[in-house]
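Participant: Residues per chain, in single letters:
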Amino acid sequence: MSHIHLPDGVLPVWLWVSGFIIAILVGAILFRFIKKEDLARRLPLLGMMAAAMVLGASVEIVPIAYHVNLTVISGILLGPSLIFLATFVVNVILGLFGHGGITVIGLNTLVLSIEGILGYFLFRLFWSLLRRLTPAIFLATFLALFCSTLSMIGVVSLGASHYEELIHQERKGIIEFHLSKENEDQHQEGVAENKVNLKRFIAIVLPLGFIGWMMEGVITTLIARYIHRLRPDLLRLEG
Amino acid sequence: MIQLSYLDYLAAEGKSWLHHLSPKLKIIGMALVLLGIVTLRNLSGLILLYGILLTFFFISRIPLRIFSLTLYPLIFAILFIFISGFQILFILLIFLKVLCGSTGVVLLLATTPYPSIFRVLGRVLPSLFVTALFLTYRSIFILLNVLEETQHALYLRGGFQWRHPWRSLNNISNAFGHLIIKGIDASERMYESMVLRGFKNKIHYRGE
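For the record, the sequence lines run as chains P and H. No gaps in the numbering here: position 137 of the first sequence is 136 in numbering that gives the first Met the number 0, and each next residue is one more. No gaps in the numbering here: position 132 of the second sequence is 131 in numbering that gives the first Met the number 0, and each next residue is one more.
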């Protein structure tokens, strides 16, 4: 649910261009923390986890296009630097499928990597505090998804004036002719109708998002327990 | 995702004029479509753009079953009905932008093999990103094979049923867990075989 499935041409140009610039800067900073040899060795793992995320995005758990992101479990397995590159790759491939726009790839990468990176650090924090896998994974996933949904809402809100412009554009007629008495009433009514209703959008996204956070929290917990049974070394719980 | 292998097949085996066009020109064309989507703000312009893309879609003899892929993103565009307060013209504008974007990319994918797209992207993106893209693309097919095998085990354990939500969630999670572990094992073997073949941070394409 936190993935911005926004089409191209909806967000203002300055917003998605900034998204690309910030994503490049963040990527450049994160890659300074990883050695080149280590990166080369882990590229196939990155490819596999990105492929798992793409497959997760294409499996509808609930109709109306609910799907798991698998970003948190990928973040825990890959670490914060590699999850950023993985989410970029996932967004490019999903964008090429029409599952989200091409111009919003930068913004989507930032939003999804918040899930992965926060998920990684929150899991480490809760594991060190609780020493129990199930609550640590569930809480880390729930909170990471909550934060990324908030950032998605923030991104959509930044484009509010642009949506109003688009609405206003369509309301212009070829000939504008008003009687003077009606002019003021019509103008006020027009202004009210041109305003976007972000509160309504938030009121819909948050409850739907809550269902998604719970579901992904449960699924990620079950996946982590399965991995812990078969390959506990992957979760790096010691130390 | 099953459509991915079919799209790949169409892109490689298609014989229309669009299939024979250079990948660079098609990507430039897609960039022009994106420019149109971003700059056009009236319905007539977007309808014209969508009409052109639909014409290309049908004269390239792309099967109709692929057309449904272009409609999927409309599900998310529905959220904009609530933002705009049910302004019909605004909603139509958004829907047309969505359809133009999705039709354009599906057209590109169905007529251009992925390695050709990645090779062109390699001229503008760092080699690390393109290598990651290529490895992800390859891994999707590996995981799809694993998923096919896992599906039988899933059905034997009851699969996905609304009447048993907890069991269903358990089954799906075990399937994804199995997929991830198999994928990690496959990635370790992939790295070893790539190193044996001289891999050093970059994948080279034929013709370079």
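Hints listed in this document are in silico derivations from the structure and should not be mistaken for laboratory results. What you are looking at is a predicted structure, and each value in this text was computed from that prediction instead of being measured. Where is the CB? At the ideal position from N, CA and C, for every residue including glycine. Errors might be hidden in some of the hints.
[Said to hold, decoys possible] Under 7 angstroms between C-beta atoms, here's a sample of chain H residues computed to sit facing chain P:
1) Ile65
2) Ile90
3) Pro112
4) Ser172
5) Gly176
6) Ser186
7) Met189
8) Leu195
[To be verified] Residues from chain P that keep clear of chain H, each with C-beta distances beyond 10 angstroms, as calculated:
9) Leu29
10) Met48
11) Gly78
12) Val88
13) Leu95
14) Phe125
15) Cys146
16) Leu157
17) Ile210
18) Leu236
19) Glu237
Participant: All the hints need checking, so say for each whether the structure fits it.
Facilitator: Hints and how they fare:
Taking 7 angstroms as the C-beta contact cut-off toward chain P, the hint placing Ile65(H) at the interface is violated, the least distance being around 11 angstroms. Given hint, Ile90(H) at the interface with chain P, is violated; its Cβ is 10 angstroms from that chain's nearest Cβ, farther than 7 angstroms. Look at Pro112(H): its Cβ only gets to about 12 angstroms from chain P, farther than 7 angstroms, so that hint breaks. With a least beta-carbon distance of about 3 angstroms to chain P, the hint placing Ser172(H) at the interface is held under the 7 angstroms criterion.
Nearest Cβ of chain P to the Cβ of Gly176(H): about 3 angstroms, under the 7 angstroms cut. The hint holds. For Ser186(H), the suggested interface contact is upheld, since its CB lies about 4 angstroms from the closest CB of chain P, less than 7 angstroms. Below 7 angstroms, beta-carbon pairs count as interface contacts, and Met189(H) has one with chain P at about 4 angstroms; its hint therefore holds. Taking 7 angstroms as the C-beta cut-off, the interface hint given for Leu195(H) is violated, the closest approach to chain P being about 13 angstroms.
For Leu29(P), the condition that its CB be more than 10 angstroms from all CB atoms of chain H holds, with the nearest at approximately 12 angstroms. Some Cβ of chain H comes within 10 angstroms of the Cβ of Met48(P); the nearest lies about 7 angstroms off, and the non-interface call is violated. Interface exclusion of Gly78(P) from chain H stands, the closest Cβ pair being 14 angstroms apart, more than 10 angstroms. Not every C-beta of chain H lies more than 10 angstroms from that of Val88(P), the closest at about 5 angstroms, which undercuts listing it as non-interface.
Interface exclusion of Leu95(P) from chain H breaks down, the closest Cβ pair being 6 angstroms apart, not more than 10 angstroms. Distance check for Phe125(P) against chain H: the nearest CB is about 19 angstroms away, which clears 10 angstroms, and the non-interface claim stands. Every C-beta of chain H lies more than 10 angstroms from that of Cys146(P), the closest at about 20 angstroms, which supports listing it as non-interface. Against the 10 angstroms criterion, Leu157(P) stays outside the reach of chain H, whose nearest CB is about 13 angstroms from its own CB.
Chain H leaves Ile210(P) outside its interface by the beta-carbon criterion, the shortest separation being 13 angstroms against a cut-off of 10 angstroms. With a cut of 10 angstroms on Cβ distances, Leu236(P) stays outside the contact zone with chain H, its closest approach being about 16 angstroms. Distance to chain H confirms Glu237(P) as a non-interface residue, since its nearest Cβ pair spans about 18 angstroms, more than 10 angstroms.
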